[in-house]
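The lines below spell out each chain.
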Amino acid sequence: MAAVASEGQPLICWLEECRKESVPLVGGKCSSLGELIHAGVRVPPGFALTTAGYRAFMAESGLEREMQFLLQKLDCRDLEALERASASIRAAIEAQPFSEQLEDLVAERYRQLSVRCGIPAAPVAVRSSATAEDLPGASFAGQQDTFLWIRGADEVLHHMRRCISSLYTGRAISYRANRGYSDEQMAISVGVQKMANSYAAGVMFTIHPINGDRSVIVIDSNFGFGESVVSGEVTPDHFAVNKVTLDIIDRTISQKEICYTVDLKNQVSYAMEVPIERRNIQSLTDDEITELAWMGKQIEKHYGRPMDIEWSVDKDLPAGSNIFILQARPETVWAEKKTPRCAPVETSAMDYILAGMLAGRKLS
Amino acid sequence: MKFPDPHDVKAKTIPGTEGWERMYPYHYQFVSDDPVRNQYEKDTFWFNDALHYPEALYPFDTIWDEAWYLALSQYNNRIFMVPPVRGVDHRIINGYVYISPVPVKDPDEIGRRVPHFMERAGHYYKNWDELEAKWKIKMEATIRELEALRIPTLPDMESLSVVNDACGESQGYHLLKNYDDLINLGIKCWQYHFEFLNLGYAAYVFFLDFVQKLFPSIPTQRVTQMVSGIDVMMYQPDDELKRLAKLAIELGLDSTFTSSPEWEVVEASLKKNTKRGDEWLAALNKVRQPWFNVSTGTGWFHHDRSWNDQMNIPLSGIATYIGKLQQGVSIERPTEKVRAERDRVTAEYRGLIERDEDRKQFDELLATARTVFPYVENHLFYVEHWFHSVFWNKMREVAAVMKDHGVIEDIEDVWLLRRDEIKQALWDVVTAWATGVTPRGVTVWPKEIGWRKGVMQKFKEWSAPPAIGTAPELIQEPFTIVLWGVTNKSLADWSSVQEVKDLSSIVELKGFAGSAGIVEGRARVCRTVAEVSELQEDEILVAPTTSPSWAPAFAKIKACVTDVGGVMSHAAIVCREYGMPAVVGTGHATKVISSGMMLRVDGSTGVVSIER
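Chains as they are written, first to last, in our numbering: chain U, 466 to 829; chain V, 31 to 642.
Hints should not be assumed to be uniformly reliable.
Counterexamples of contact, computed for chain V against chain U with all Cβ distances above 12 Å [as the list claims (entries may be wrong)]:
| # | residue |
| --- | --- |
| 1 | F240 |
| 2 | Q255 |
| 3 | M264 |
| 4 | R374 |
| 5 | T376 |
| 6 | D388 |
| 7 | Q454 |
| 8 | L533 |
| 9 | T635 |
Within a straight-line C-alpha distance of at most 27 Å, the following computed DSSO-like cross-link-like pairs (lysine-lysine) qualify [unchecked claim]:
| # | chain 1 | residue 1 | chain 2 | residue 2 |
| --- | --- | --- | --- | --- |
| 10 | U | K766 | V | K367 |
| 11 | V | K40 | V | K390 |
| 12 | U | K762 | V | K483 |
| 13 | V | K243 | U | K766 |
| 14 | U | K762 | V | K390 |
| 15 | U | K762 | V | K243 |
In case anyone wonders, no lab produced these hints; they're calculated from the structure. Ideal Cβ positions, reconstructed from N, Cα and C, are used throughout, including at glycine.
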């Protein structure tokens, strides 16, 4: 296959081919998704245009030279000039077609992806995956764009270019200039991933967020997309699962007033009222809760630390293969707090028993 | 937290029970004529010991309450010198027992007690296995002494041997003496009961306490699981039934056991079947002592009869197991699986401990908890089952003599008398016998007993407040914490439980998560073990509490719900061994639920949902 650039790096690859070492090739986001798949976790299928693909695009189209010319004499403190330069670079990128080879590659992967999902022209999320995003002190968070509910190969190609152009917002250019990164060194990867068509979605922590108990997994869940849970617009259903035995040890079923669903025509999600008869219904089945918690446990095991996870139950797929992990990152609150030790100085059982007796149980 | 003043509760005497105080020892009364004691009682926190006494206590049955009042307290306060606590004080209102842990208030005194405690308790923890072996010898000797104790009847003429052997003692004297011996053996047995129990519970409580500090959300049942799968005597009676069921099949006698629920009928037809029947009966006789002394209740009450007393119960168990075996279903407890799961759970939790010091502490406390666990379970068989079952029947022999001499009308009337009243009545009987006159008690006791029966009935209908008096800020007594589960949460639950009026409106009961898992099914309420025969395959057992003699029921059911008990109770332990859900200590499941209702039992959260 001609999917390989001259240096021997692929121009495009499936997410499952990515690993944590792949950051220079596919960026942080795609490499961490690949890592999750590798850990045995189900994530929505997809592929990535690699940084080699990006470079091929920029080189073949002659955009590289044009850009150098525009940026060479730019004074980043001149905000107006900065925005002008950014606008013209971005317009140039978005107007520039991919080479036939790249177009064919993307279209073929997209077709295969749709077949895998069993949906003609599967709706996908197209998002940038920056190579420098996760480097300490070089956060580009939120500076690249994400496009949701994209359908059809032409649309996918178009939004991939929009992602690429997001590398050249005014803020990004000046940020790099201030930090001394050269624009030629910068590269971006673009991930294309099936949209999780969520029946229910939410977040999961593999540590108790309130008391730091490592033997607990907590899950917050609502119908529809996870936005309602992440944004705090509804009180979600809450479940606590024993990490060791996967029993559900606590559950609170909330009154869920709204949930997010998709307007496919306008390619946006929007909040709708949950029908009254469904508001107090548990948004996940017990089997789904257990399976989700099991996945959380695998993710934690793989990364060796408590994790903060976004997940979704897909309505397009049958039970048993419908739970997806959308994102997983290390939990940060308790990681920094370092729980206090529980054992007093003495370690003999006798000493502990005595100390405990002397302390007693407080009643209020 | 404020609860009703005990004196106010007591002052509202139930009409028709005036004078009930004389049914119980005088020092069990809340008083109004002694200002100092009255003030102490007001300022103290008393909780109803519903764990042991779900119903009003019969006057005679108060014996075991007195026995542990003494034994638990002395071991805490005078023998092991537990630094911050003395004993547990007792009172009775309307037949219900209220107890209160007594703290050591002076910090200097607590400090002075510490080195003694370390030395004394340390000696027991260090030499646990060796001392426990000695305990078994003492305990078995005590039971043998009890079994050998003769309750004499009173002959019209003493045997000639009294004269020829110049024995110098009459049967009347022996009746009085042997009654005293009987009571004293009971009290002694309870002395031994607590020799290891306080320390055993302490080891268990503080293992639990430590693990909960490490994992604040850990269900208690997971902590108890870490000490499960250790062989305890409690399983032996049930194991014997399984062996007898297998033997019946081997000998081709299985149809005999399913032919009738009456032991007498089955026994008679076994005897007809000479050779094989005799072989089976010989095998039975070998295990009846001691294993069929297992009580059908907790063993705390005279009405808890043993398998030996009610052979229909083990018979129904044997028939159940024969049925299972004929269907090709395994009747073995999955012990290996239970142990493998215990080891997996323990290792996973241990792996989640972040610090080495904490892991070391965990290992130490777990080892101690596992050392004490067999005693904490096994003492129940020795004392509450074996000793008590024999004891109650010896008391029935005493009662038979009293009935013969007309001071009581029925053997079972004896339980309405205090043990010191029985002593008095025996003196009355013996002196009247010696003298050749009619005992005074003939006109006194039957009348008093008739009145007391009415009082007991009214007591049973009374709803005892869970707590009275003034709650303390701190509780340090290990039994109070682990056994009765006195915590902030339980106090709050106790103050709310009184508010429910309409039982038929309750759709959810909360108890302790005894054994994990969720099932739905039809309820079968069994108030006594005799009702277990009504259980159908895959029903959910709802019982006041269960004991080892209920074991065969667990082969049929798919979940269990009890009124009384914590995560260390029999029902919880057995359900964990069988891997089925249990919710225990719901307070009033047997009142709220009736047979046939659809239930959803969530043994992981401790919730029982009732479909109405």
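Within 27 Å, alpha carbon to alpha carbon, are V:K243 and U:K766? holds (23 Å)
Closest CB-CB distance from V:R374 to chain U, is it above 12 Å? Since the minimum Cβ distance to chain U is about 8 Å, V:R374 lies within 12 Å and the statement is violated.
Per the stated criterion, does the least C-beta distance between V:T635 and chain U lie above 12 Å, as a non-interface residue requires? violated (6 Å)
For the pair supplied as a hint, U:K762 and V:K390, is the alpha-carbon distance within the 27 Å limit? The given pair, whose Cα atoms are some 25 Å apart, holds under the 27 Å limit.
Starting from U:K766, check that the Cα of V:K367 is at most 27 Å away, please. Cα-Cα ~25 Å, so holds.
Mind verifying the non-interface call on V:Q454? Its CB should be farther than 12 Å from each CB in chain U. holds (43 Å)
Non-interface claim for V:D388 versus chain U (Cβ beyond 12 Å): Incorrect as stated: the minimum Cβ-Cβ distance to chain U is 5 Å, not above 12 Å.
Does the structure keep U:K762 and V:K483 at a Cα separation of 27 Å or less? violated (61 Å)
Against the 27 Å threshold, does the CA-CA distance of V:K40 and V:K390 hold or violate the hint? violated (51 Å)
Was V:T376 rightly flagged as not at the interface, with every chain U Cβ beyond 12 Å? violated (9 Å)
Far enough from chain U: is every CB of that chain over 12 Å from the CB of V:Q255? Contrary to the label, V:Q255 does not stay out of reach of chain U, its closest Cβ about 9 Å off (not over 12 Å).
Taking the minimum C-beta separation from V:M264 to chain U, is that value above 12 Å? With a cut-off of 12 Å, V:M264 remains clear of chain U, as the shortest Cβ separation is near 24 Å.
The structure fails hints 1, 2, 4, 5, 6, 9, 11, 12 (numbered hints given earlier, in ascending order).
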